[in-house]
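> Below, each chain spelled out in residue letters.
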Amino acid sequence: MSNTAALSDTFQKRIDAEEKIEPRDWMPDAYRKTLVRQISQHAHSEIVGQLPEGNWITRAPTLRRKAILLAKVQDEGGHGLYLYSAAETLGVSREELIDQLHSGKAKYSSIFNYPTLTWADIGAIGWLVDAAAILNQIPLCRCSYGPYARAMVRICKEESFHMRQGYELLMTLCRGSDEQKAMAQDAVNRWWWPALMMFGPSDADSTHSAQSMQWKIKRFSNDDLRQKFVDQSVPQAEYLGITLPDPDLKWNEESGHYDFGEIDWEEFFQVIAGNGPCNHERMSARIKAHEDGAWVREAALAYADKQRQRAEKAAA
Amino acid sequence: MSSDLFQYVIRLGDNALINGQRLAEWCGHGPFLEEDLAMTNTALDLIGRARMLLTYAGELEGEGRSEDDLAYFRNEREFRNFHIMELPVGDFAFTTARQFLVDAYDYHYYRALRDSADATLAAIAAKTLKECEYHLRHSSEWMVRLGDGTEESHEKITRAVTGLMPFTPELFAADEVDRAMQEQGIGVDLDSIETSWNQEVDRVFSEAMLERPQISFTRGGGRQGLHSEHMGYLLAEMQSLQRAHPGLNW
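Those protein sequences? They're chains A and B, same order as listed. The working numbering puts the first residue of the first sequence at 59, with every later residue one more than the last. The working numbering puts the first residue of the second sequence at 398, with every later residue one more than the last.
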């Protein structure tokens, strides 16, 4: 057995034994590359995800809701920070990753390319989008790569809090006036299908799944997680008195799950390809913030440099 | 109910609310992630402070108005914040300079207000002071980084400070409400706050290699509900949903 083959063999045995892989451990290049791609996509999703909800901070209808929303969007930025840090343990800088996002080379979750048109969208995002994120992310708390798994533990705790806040927001609207109920229903009509798409292509079309399963980066298939999401969302929608916008949605006694309609994959691939309703706006906002901030980052570095020189001079 | 006390409290509440509303505009748009989080954190503190103060103002008034009634259903002429709070965010230099000037004011103000004869205000001040300490530390550090950073940053922060200084005399102009509250041991002595504020500003400006600009004109009137033209737009945005659907729970 060659040296690399022996290392690969040991590596897979450690994974099979549920041992965590740490930054200084040997790992196959492809494993490192997969993790960098996935963790950075995840980090990008968090910071791009600040934008659609951030759109309502200045217009939140009560001060309590304003504070909750600010805290939530701040949490998302915080998740971005843990995740960029986790990615950096794999030998890539945050600057490189952000360049990849801005150049369009790196992807982020398709969901954030939809607009937040009314206040009820903030509730629908919390209830559906955060719930879908949690289902995707809970298995990642047991991911084979230690720094990623540990970041996810913290993220999942906060996400479940966000989901409850979103559901409570919708509950308030659904117990409110006819206009508020209509606002809630309209938001769910617009967010339901994009939320289902968050689990990615169906298993047959998923390019990275098999290898990620073997490496225990991924533990459940896209379709299994999507089914779980539908099964948990239907009774929650009933409790709200909201109709989910899918005429094919019905309980299947035999399978013990809800059947649901066909996802419009053409829409999904269009959004991924950059042609969703807000892709351009989201990227423009990120690039603008980064470019407008360049002089600030330069000033901070220049000042730190001066301070260092002064300290050296004083010590000499 | 003392209408002077109501006025005194609602002014503090409005300052926190309008400053928080402006700072929150940065959320998701900061110059880098850590600073985005820091600005949002300060905005959250300010909104939290506004909630305590406006709730208390509503209690003092005794007409059943909640924090939200006061925030969302008063018109421009009824808001009592200083002009400096309502100015548009501008660039990072402008936001930094505004926060620094206001943080230095708030720090000394709330430090003194801890000794208020009004127990509720004293308690709010004690809680608020802890936040003011790290807000001031944070904005002072940025004043120095920008002032003593690059030529470009020095130029930008100088321009921001020059633009903002005419709005600062309003912070110390005591009127009959301030005087009545000070006499009753409830309010603070604005003269002594001004002295401390000047020392703080001089200290940080000197470390930041900034000249203190001469003021050739001043702006004010917030105490009388006479605001800048920016205020109407700020309120139109903030209040839009409540105004479109009044009387509902959100």
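Please keep in mind that the hints were generated in silico from the structure rather than gathered at the bench. Errors might be hidden in some of the hints.
Cβ-to-Cβ under 7 Å is the rule here; a few derived chain A residues that face chain B [as the list claims (entries may be wrong)]:
#: 1; residue: Ser151
#: 2; residue: Trp177
#: 3; residue: Trp353
If you want the footprint, here are the derived chain A segments under chain B, 3+ residues with CB under 8 Å [to be verified]:
#: 4; segment: 128 to 140
#: 5; segment: 205 to 219
#: 6; segment: 234 to 242
Just so it is clear, CB atoms sit at the ideal spot from N, CA and C, and this is done for glycine as well.
> Hint by hint, note whether the structure agrees.
Structure-based check of each hint:
no.	hint	verdict
1	Ser151	violated (13 Å)
2	Trp177	holds (6 Å)
3	Trp353	holds (5 Å)
4	128 to 140	holds (count 8)
5	205 to 219	violated (count 0)
6	234 to 242	holds (count 4)
Hint check: violations occur at hints 1, 5; the rest are consistent with the structure.
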